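Spelled out, the chains give:
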Amino acid sequence: MTFHAFNPSNPPIVEISDLRVAFDATPVLRGIDLTIARGEAVGMVGESGCGKSVTWLAALGLLPKRASISGSVRLDGEELLHAPRRHLEQVRGGRIAMVFQDPVSALNPVHKVGDQVIEALRLHRGLKGAAARFEALHLFDQVGIPDSARRLGAYPHELSGGQNQRVMIAMALAGQPDVLIADEPTTALDVTIQAQILDLLQQVRRDTGMALVLISHDLGVIGEVCDRALVLYAGQVVEEAPVDLLFSRPSHPYTSGLLAALPRIDGPRKTLATIPGIVPHPSELAFGCAFAPRCHQRALICSTTEVRLPVGGQQLRHRSACLLHGSTPARPEVALA
Amino acid sequence: MLHFILIRLARALLTILIMVTFAFVVLRVSGDPVLALLSPETPASVVEAFRQSWGLDQPLWVQYLRYLLAIVHGDLGQSMRDGRAAVVVVAERIPITLLLTVPALILNIAIGIPAGILAALKRDSFVDRAVMTSAIAGFTVPSFVLGLLLVLVFAVELPWLPSGGAGSIQQMILPVVTLGVGGAAVLARFTRSAMLEVLGEAYIRTGSAKGVAWRRVISGHALPNAAIPILTIIGFMIGNLIAGTVLVESVFSWPGLGSLLVVSVMSRDLAVVQCILLFVAAAMIIANVLVDLLYGVLDPRLRGTGRASGGA
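Line by line, the protein sequences are chains A and B.
Each residue of the first sequence is one higher than the last, beginning at 20 in the numbering used here.
Each residue of the second sequence is one higher than the last, beginning at 18 in the numbering used here.
Be aware that a few hints might be false.
Said to hold, decoys possible - Below 20 Å or equal to it, Euclidean Cα-Cα: the simulated DMTMM-like pairs (lysine to aspartate or glutamate) are:
(1) A:Lys131 <-> A:Glu154
(2) A:Lys84 <-> A:Glu98
(3) B:Lys139 <-> B:Glu214
(4) A:Lys131 <-> A:Asp121
(5) B:Lys139 <-> A:Asp43
(6) B:Lys139 <-> B:Glu218
(7) A:Lys147 <-> A:Asp134
(8) A:Lys84 <-> B:Glu214
(9) A:Lys131 <-> B:Glu218
(10) A:Lys131 <-> A:Glu98
(11) A:Lys147 <-> A:Asp160
(12) A:Lys131 <-> B:Asp141
(13) A:Lys147 <-> A:Asp121
(14) A:Lys84 <-> B:Asp316
(15) A:Lys84 <-> B:Asp49
(16) A:Lys84 <-> B:Asp99
(17) A:Lys84 <-> A:Asp43
(18) A:Lys131 <-> A:Glu177
Read the hints as simulated data drawn from the structure, not as lab findings.
Model, not experiment: these values are computed from the prediction.
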């Protein structure tokens, strides 16, 4: 496994720093820092509402007007937040493309799937007529849609969920983006189809060299596809690490809890561990560590001190926003007396 | 597809039969047409002869069967008032009524749809509230009240337009506005809610996320979807327009089908009333069939069902 993010010859393509989003004064993102290097696969994991999707919707200016956004999102060094509309339209689909959760509702029901892909080809590559159709056919072949010539003329309701997701991926690839954000791309699909779509995402990443950000609530999926993963909780990154380290030596108690809740295919059958309590509503966050009320290891300091992911730049491979388990390469785990 | 058309046709015929039967029974039960037409001093023998000549001395069911048989043969009866064929009496009024209803429908659509889209796009703004307030005013004021108010303002106080009659463009303006305003208000409200619903759909976000400009997202992705529920409302509105002409034509003494219906009901001119109702039913059915066919054009998901049941 390679870690592009730590290679100085591969500068980050996307740099998000201190990204904050609030809806009607209720904070939903509380200072997200993350970098994506060219060609790397990064996973973002967390429960629904933790801010995985909002991060990217905010970065691309796709949130409703009532959202107040601050911080910085840089693409190749260029600021995207509050950028002119035209510039953002070029970036969306052209530099950063998104694939959404439920492909059937994410595709326009009254337009043929081919036309929806061709629209992206026209916008970002200026292709029209026969050339656009030819390229759309090529994309359909690339994402493994059989009988592509006929499928171009199909409507979303005439295709299966898996095929619609392949169309979504073809549409995202149409603009030849540098980064593909796959937002829960397999959640709405059958288990057997899920594996196929994940394989497809890995394959197109290999073929095109684009970076992949895989958003999921499923650590297993992240572990399979990604080099590096970020764990989000209540609008903050609580842990960031290469996936093998994250799985073998989780540092934040929330990550440990998520891993303990994963069913294992090997070993004896046992009751899955759960994290007690529920994710707090963004408007009811306690002072200090947001996870403290659910944390079985919490200490007094947890509810008296604000905590953030240590800023370590590219040297710090394993970072954790836990006052008790602040992780550094030198001290991967600090046991507290 | 053939199966679909046959079912539609059968339902249309059943609707017409029910309407014709209802009109036939109600008109005969609610008063004696002979007494309505002839003066009270008419000798009994003449009244009896009149009854016989129109077949009104027969039992109701015999009259009904004769009437249906005649319809099947294309004979819709004769007007008791002037002896001409009812079809002719009615047909010559149709273009005059269309002169009101077609511009009124265009007015509905031309005002209602853009106003609704604007309100949806500027949701919760001053524009939205202004449009919705006008819409509520527009459809709560009954058309005859609005008609009289317009006459009061634009014909009496400000003598800009004639208060009634037909024959010139000026005379059309007030009745068309009266007829069109209510529908435009209803359409504005429905367009607004249809747009708001569509704008919340995931495929709108997909459109933006792939770099489509917002204007194009509205026109190319949102409107084609919002058009489907809007079309349903337009289908209903055609029925309302036809009903509205009865009142509006009376207020503005517009010599169309509505005025003819009022006069014919008062004088119990059976054949003419039945003929008008038959036309109205046919017009509404045709409008509904057109709406159904347009559904298929607008919504590919509905095309599938026709094809599947037709086996084509």
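How the hints compare with the structure:
Between A:Lys131 and A:Glu154, the direct Cα distance comes to roughly 16 Å. Compliance with the 20 Å bound is thereby established for this hinted pair. A C-alpha spacing of about 19 Å is found between A:Lys84 and A:Glu98, which places the hinted pair at or below 20 Å, so the restraint holds. Of the supplied pair hints, the one linking B:Lys139 and B:Glu214 holds, its CA atoms being roughly 14 Å apart against a limit of 20 Å. Distance restraint check for A:Lys131 and A:Asp121: the Cα-Cα separation of roughly 17 Å lies within the 20 Å cut-off, and the hinted pair is therefore satisfied.
Distance check on the hinted pair: B:Lys139 and A:Asp43 sit about 18 Å apart at the alpha-carbon level, within 20 Å; holds. Annotation: proposed proximity of B:Lys139 to B:Glu218 holds, straight-line Cα distance about 17 Å (limit 20 Å). Between A:Lys147 and A:Asp134, the direct Cα distance comes to roughly 11 Å. Compliance with the 20 Å bound is thereby established for this hinted pair. With a C-alpha separation of about 17 Å, the suggested pairing of A:Lys84 with B:Glu214 holds against the 20 Å cut-off.
Restraint check for A:Lys131 and B:Glu218: the C-alpha separation of about 17 Å stays at or below 20 Å, so the hint holds. A distance of roughly 35 Å separates the Cα atoms of A:Lys131 and A:Glu98; the hinted pair therefore is violated under the 20 Å criterion. Simply put, A:Lys147 and A:Asp160 have alpha-carbon atoms about 19 Å apart, close enough for the 20 Å limit, and the pair holds. With a CA separation close to 34 Å, the supplied pair A:Lys131 and B:Asp141 exceeds the 20 Å bound.
Distance hint between A:Lys147 and A:Asp121 is unfulfilled; the C-alpha atoms sit about 28 Å from each other, more than 20 Å. Note on A:Lys84 and B:Asp316: the hinted pairing is violated, with a Cα-Cα distance of about 31 Å set against a maximum of 20 Å. For the given pair, A:Lys84 sits about 68 Å from B:Asp49 by alpha-carbon distance, which is inconsistent with the 20 Å threshold. This hinted pair does not check out: A:Lys84 and B:Asp99 have alpha carbons roughly 68 Å apart, beyond 20 Å.
At roughly 10 Å between alpha-carbon atoms, A:Lys84 and A:Asp43 fall within 20 Å of each other, so this suggested pair holds. Restraint check for A:Lys131 and A:Glu177: satisfied, since their Cα atoms lie roughly 10 Å apart, inside the 20 Å limit.
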